[in-house]
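Student: Okay, here's what each chain looks like letter by letter:
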Amino acid sequence: MQGVGIRFWKRPPAAKVIGTASLAPSLPQVRGKAMKFRYGHGDQPLAGFTIQRGVGLGGFGEVYYAVNTAGKEVALKQVQHNLEIELRGVRQCLNLKHPNLIAIYDIQIDADGQSWIVMEYVAGASLREVLDRHPHGMPLKELYRWFGQIAAGVCYLHDHGIVHRDLKPANIFDDLGLVKIGDYGLSKYITRSRRGGQTESVGTCHYMAPEIGKGEYGKEIDIYALGVILFEMATGELPFDGESSQEIIMKHLTVDPDLSRVPSPMREVVARALHKNPASRFDDVRDMIAPLGLIIDERGLASAMQDVEGGAEPKSKNTGHHWDRSGPTAAAGTTESAPSRSRQPPGRPSPYREPIARAIHLGWMEANHWWENLSLAPGLKNLLLAVGLILCAVNAVDLLALVLLGLTLYVPYYAVWWLLQPTASPSRPNRSVHVHRYVNAGPEPPVRQRKTPTASLDAPTVRRKKPTEEQLRVAYRNHFLRRQHPLRLVADITGAWLGSVAVVGVFSTLVGLLQLGRGAASQPLMVGIIWIATVSILTAWTVIMLGKMWQSSTGDDALRRFIQLTAGFGVGGVAYLLAEFLMVPWDEIARESISQIPVHRWRGFFGPDSRPLLPAYVAYFPLVMGVVGWWKQVDPLRRKRLRFTSVVWAAIAAGLVHLIVPFPQPWGALIAASTATAVQLASPWIDPSTLARSEIFQAKEVA
Amino acid sequence: MVVEAGRVRTERAGARESQYHTLWVDGVGGFQLCEDAEVLIGHALPGAVAGVQIEGDLPRVVGALRRADDRFLLQPLQPVALDGRMVDRPVLLPSRAVMQIGRRITLQFSQPSPLCTSARLELLSHHRFGNHVDAVLLVGNTCLLGPGEHCHVRCPAWTDEILLYRSEQGWMMRSKAPLWADGQWQPAGSFPLRSRMRLVGETWSMTWSPRA
Numbered sequence: 001m002q003g004v005g006i007r008f009w010k011r012p013p014a015a016k017v018i019g020t021a022s023l024a025p026s027l028p029q030v031r032g033k034a035m036k037f038r039y040g041h042g043d044q045p046l047a048g049f050t051i052q053r054g055v056g057l058g059g060f061g062e063v064y065y066a067v068n069t070a071g072k073e074v075a076l077k078q079v080q081h082n083l084e085i086e087l088r089g090v091r092q093c094l095n096l097k098h099p100n101l102i103a104i105y106d107i108q109i110d111a112d113g114q115s116w117i118v119m120e121y122v123a124g125a126s127l128r129e130v131l132d133r134h135p136h137g138m139p140l141k142e143l144y145r146w147f148g149q150i151a152a153g154v155c156y157l158h159d160h161g162i163v164h165r166d167l168k169p170a171n172i173f174d175d176l177g178l179v180k181i182g183d184y185g186l187s188k189y190i191t192r193s194r195r196g197g198q199t200e201s202v203g204t205c206h207y208m209a210p211e212i213g214k215g216e217y218g219k220e221i222d223i224y225a226l227g228v229i230l231f232e233m234a235t236g237e238l239p240f241d242g243e244s245s246q247e248i249i250m251k252h253l254t255v256d257p258d259l260s261r262v263p264s265p266m267r268e269v270v271a272r273a274l275h276k277n278p279a280s281r282f283d284d285v286r287d288m289i290a291p292l293g294l295i296i297d298e299r300g301l302a303s304a305m306q307d308v309e310g311g312a313e314p315k316s317k318n319t320g321h322h323w324d325r326s327g328p329t330a331a332a333g334t335t336e337s338a339p340s341r342s343r344q345p346p347g348r349p350s351p352y353r354e355p356i357a358r359a360i361h362l363g364w365m366e367a368n369h370w371w372e373n374l375s376l377a378p379g380l381k382n383l384l385l386a387v388g389l390i391l392c393a394v395n396a397v398d399l400l401a402l403v404l405l406g407l408t409l410y411v412p413y414y415a416v417w418w419l420l421q422p423t424a425s426p427s428r429p430n431r432s433v434h435v436h437r438y439v440n441a442g443p444e445p446p447v448r449q450r451k452t453p454t455a456s457l458d459a460p461t462v463r464r465k466k467p468t469e470e471q472l473r474v475a476y477r478n479h480f481l482r483r484q485h486p487l488r489l490v491a492d493i494t495g496a497w498l499g500s501v502a503v504v505g506v507f508s509t510l511v512g513l514l515q516l517g518r519g520a521a522s523q524p525l526m527v528g529i530i531w532i533a534t535v536s537i538l539t540a541w542t543v544i545m546l547g548k549m550w551q552s553s554t555g556d557d558a559l560r561r562f563i564q565l566t567a568g569f570g571v572g573g574v575a576y577l578l579a580e581f582l583m584v585p586w587d588e589i590a591r592e593s594i595s596q597i598p599v600h601r602w603r604g605f606f607g608p609d610s611r612p613l614l615p616a617y618v619a620y621f622p623l624v625m626g627v628v629g630w631w632k633q634v635d636p637l638r639r640k641r642l643r644f645t646s647v648v649w650a651a652i653a654a655g656l657v658h659l660i661v662p663f664p665q666p667w668g669a670l671i672a673a674s675t676a677t678a679v680q681l682a683s684p685w686i687d688p689s690t691l692a693r694s695e696i697f698q699a700k701e702v703a
Numbered sequence: 001m002v003v004e005a006g007r008v009r010t011e012r013a014g015a016r017e018s019q020y021h022t023l024w025v026d027g028v029g030g031f032q033l034c035e036d037a038e039v040l041i042g043h044a045l046p047g048a049v050a051g052v053q054i055e056g057d058l059p060r061v062v063g064a065l066r067r068a069d070d071r072f073l074l075q076p077l078q079p080v081a082l083d084g085r086m087v088d089r090p091v092l093l094p095s096r097a098v099m100q101i102g103r104r105i106t107l108q109f110s111q112p113s114p115l116c117t118s119a120r121l122e123l124l125s126h127h128r129f130g131n132h133v134d135a136v137l138l139v140g141n142t143c144l145l146g147p148g149e150h151c152h153v154r155c156p157a158w159t160d161e162i163l164l165y166r167s168e169q170g171w172m173m174r175s176k177a178p179l180w181a182d183g184q185w186q187p188a189g190s191f192p193l194r195s196r197m198r199l200v201g202e203t204w205s206m207t208w209s210p211r212a
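Protein chains in written order, with this note's numbering: chain A, 1 to 703; chain B, 1 to 212.
Since the hints were made in silico from the structure, they are not lab data.
Here a beta-carbon is modelled for each residue, glycine too, at the ideal position from N, C-alpha and C.
Treat each hint with caution, since some may be false.
Example chain B residues on the side facing chain A (calculated, C-beta under 8 angstroms, incomplete) [as the list claims (entries may be wrong)]:
no. : residue
1   : Trp24
2   : Asp26
3   : His126
4   : Arg128
5   : Ala157
6   : Arg198
7   : Val200
8   : Trp204
9   : Ser205
10  : Ser209
Label-pair restraints from in silico Cβ distances [said to hold, decoys possible]:
no. : chain 1 : residue 1 : chain 2 : residue 2 : range
11  : A       : Pro139    : B       : Arg96     : 17 to 25 angstroms
12  : A       : Asp283    : B       : Ala188    : 54 to 62 angstroms
13  : B       : Thr106    : A       : Leu385    : 27 to 35 angstroms
14  : B       : Arg71     : A       : Asn382    : 29 to 37 angstroms
15  : A       : Arg488    : B       : Leu92     : 42 to 50 angstroms
16  : A       : Lys640    : B       : Arg96     : 56 to 64 angstroms
17  : B       : Thr106    : A       : Pro139    : 14 to 22 angstroms
18  : A       : Asn382    : B       : Leu73     : 32 to 40 angstroms
19  : B       : Gly84     : A       : Leu362    : 30 to 38 angstroms
20  : B       : Arg96     : A       : Trp371    : 22 to 30 angstroms
Can you build the whole structure from these sequences, using the hints too?
Tutor: Here's what the structure looks like:
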């Protein structure tokens, strides 16, 4: 080190451990990723190079932007940790030459014996920054431009027997239009004959293939990382995210990605690239990009085929378009290539899962796209728009009627469709989970794991000890249910309410028809059935609302029962009012059961005609609500959608309460049983086998 | 340096040099601060007269940016297009205006903070500014650094904003949090900036430097 830059500021107390230590004990703790560097502008820690500023912090050292004495811009990487593995990888890459790889010029040692890697300086943004600017996915043209060149760079590495091992958006840069892959620190020679024997598990866990924990891997881990990157470029989201590295690694190991938001043909490519079994992934980067209509030519450069849009296989190498700094150009005198077509409809999938809603949404997007690209004079377009609006206004009444008719048909249909849905996918992306991750634009710190028993992120340990169903359930509850968007929660509750109405309605109708068939249908009985159905629905709605509010945690059992019991007062009161309104003829429909009740001992509960009074309702219903753990029947992570034992227990509990507070039976028990049935059938449920499917697969693979 | 009737008259270079500072924000970029009321745009050549120097296919001087109260005027001295239209006389620059100079060089002018007269110049095309900086700040009396969109130097990873402002003592920095300035403990508040001052906060570091 020399020159003007060496001043006291370089070594402030407790600031030598970059990014982890606070400056002084009195400094308040602040949020945000540390972006502090040992050297500042003007420093010359390495002879011949003057540092301009810090660029980034990686797991292996600090990277600076510097200029040499002649004015050449370079990136200087000071190797701080893992010296051997870093330098070994860099030496292997010193003589690689490819336009999509950041060139490594030299390895130098300063006066203090520190190693510095002299690299090509890239002034442009990283893919990480670009992705942060496109939270819903990159434009298709940009996506193809980036991904084609990334693939070309990775393919070149693989062709030279090198696996990058740390592919991630923070390591990929746009150098004035040319995409370049950097950070060879983790690169390593891996050939088929020398697979395995890795001593360290390195990389960034969001892009880390499942097999990395085992320490035996090849270029398939780069294919996997490319799949994650392609997923993120297409959707703006990560396929697997979580609050901790362990959670993310667990998902890489066990959960299948939700590809519903990835448009075809990328969806198929990502699906295969993210296969848990390395052998099932693409064998070569060329195979991976071929379905996207991209090829890597004999010069190692990415080219776009003419019919990329359809994802067709390349027809001939001569029809390709080479990627230059602005994307594919017509190298062979051909016309504009597919990725650069601005007129293609947006490749964004619909966020709706329901087929009709999805079709309407996609249709609207198509129409919107068609309108935007309609080759008409702006004035004419405005005129057409105005005419359309006037026509709509003139026919507003008819249109409104049509909309109402459509809604009348659609709502019941949606309720049925929703009921028939097996589950919410455990891998359904949750935007709120990882948006916060991009607040900091700094590089993602790679997760390095030595294979020691004490390593907290030791993936092999995770693999050896398979997570139990309960662990998966807890992880899912922590990861997804706690972060469920309030609107989604409201949608779930209202959907379950609709479902419970349908369930109770169907069963009540069946009972009514049976009674009709038996010739036992009487008006009092029908009134009783209607009352039971309505009270069951009311009880189910109360239970569903409470259960959905509590689904994010297992919670305090006693407190929940008390809250249910309190809610039971309301249910009892409404049940009483309803019975009075319907004038339920208790003396006729429950004559036998009432006759068994020692009414004379419960004068406050029963009227002179033996019909239950308000106190009976507001005593009986709260107790039934408090005795049964209804929220467990609403829990989406319950073991079965419908458990017969839960229904029986609800009926028994009602009978037990009847022993304390008499209520006409079996009507009380019927309400409890029908409520339990409706609640379980209508509440969303996640099939445990879906949670464990990948785990089973892993077990087979290990075996 | 003065622009008169389309001709450039340069004054003593030494006087001009003293008007520029560069802010090297680690992990973010290098920013040249132009304090002059008028600054020329031109090619980055040895001995260039332009304050905003661009490494591109450009004449020595293409145009001038002149401060007019809280706005900026663009005076073209060579063919310049503003938001796609050629301009041949001084025009007021709206925020986020895109200037095309030369054949392929595009610049964006923006005034991110409506409460501040400072402006930012960024290159949209694949070109670089001279002096290794990433953007040029046409600073008035204040300059904001922080995570917000309204900051002249946007630092997404930062948690707090920092204000640079001019006073009778020269450039000052105001920070809500304590920091280290040239190795000296600096409590929260204002303090003067000195040439080549290294500033280290809890999660950031930067250097305040005279122009190279």
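Student: For every hint, state whether the structure bears it out.
Tutor: Evaluated hints:
1. Trp24: Constraint on B/Trp24 satisfied, holds at 4 angstroms.
2. Asp26: Holds, about 3 angstroms.
3. His126: With Cβ-Cβ at 4 angstroms, under 8 angstroms, it holds.
4. Arg128: Since chain A brings a Cβ to about 6 angstroms from B/Arg128, closer than 8 angstroms, the hint holds.
5. Ala157: Holds - the Cβ of B/Ala157 comes within 8 angstroms of chain A, reaching about 4 angstroms at its closest.
6. Arg198: holds, 4 angstroms
7. Val200: Nearest chain A Cβ about 6 angstroms off; hint holds.
8. Trp204: Result: holds, 5 angstroms to nearest chain A Cβ.
9. Ser205: holds, 4 angstroms
10. Ser209: OK, holds: B/Ser209 within 8 angstroms of chain A, min 5 angstroms.
11. A/Pro139 x B/Arg96: 17 to 25 angstroms: Roughly 20 angstroms apart at Cβ, these two residues keep to the hinted range, so it holds.
12. A/Asp283 x B/Ala188: 54 to 62 angstroms: holds, 58 angstroms
13. B/Thr106 x A/Leu385: 27 to 35 angstroms: Cβ of B/Thr106 to Cβ of A/Leu385: about 32 angstroms, so the range 27 to 35 angstroms holds.
14. B/Arg71 x A/Asn382: 29 to 37 angstroms: holds, 32 angstroms
15. A/Arg488 x B/Leu92: 42 to 50 angstroms: holds, 48 angstroms
16. A/Lys640 x B/Arg96: 56 to 64 angstroms: holds, 58 angstroms
17. B/Thr106 x A/Pro139: 14 to 22 angstroms: Check passed, 19 angstroms falls within 14 to 22 angstroms.
18. A/Asn382 x B/Leu73: 32 to 40 angstroms: Distance hint for A/Asn382, B/Leu73 holds at roughly 34 angstroms.
19. B/Gly84 x A/Leu362: 30 to 38 angstroms: Holds: the Cβ-Cβ distance is about 34 angstroms, inside 30 to 38 angstroms.
20. B/Arg96 x A/Trp371: 22 to 30 angstroms: With a Cβ separation near 26 angstroms, B/Arg96 and A/Trp371 satisfy 22 to 30 angstroms, so the hint holds.
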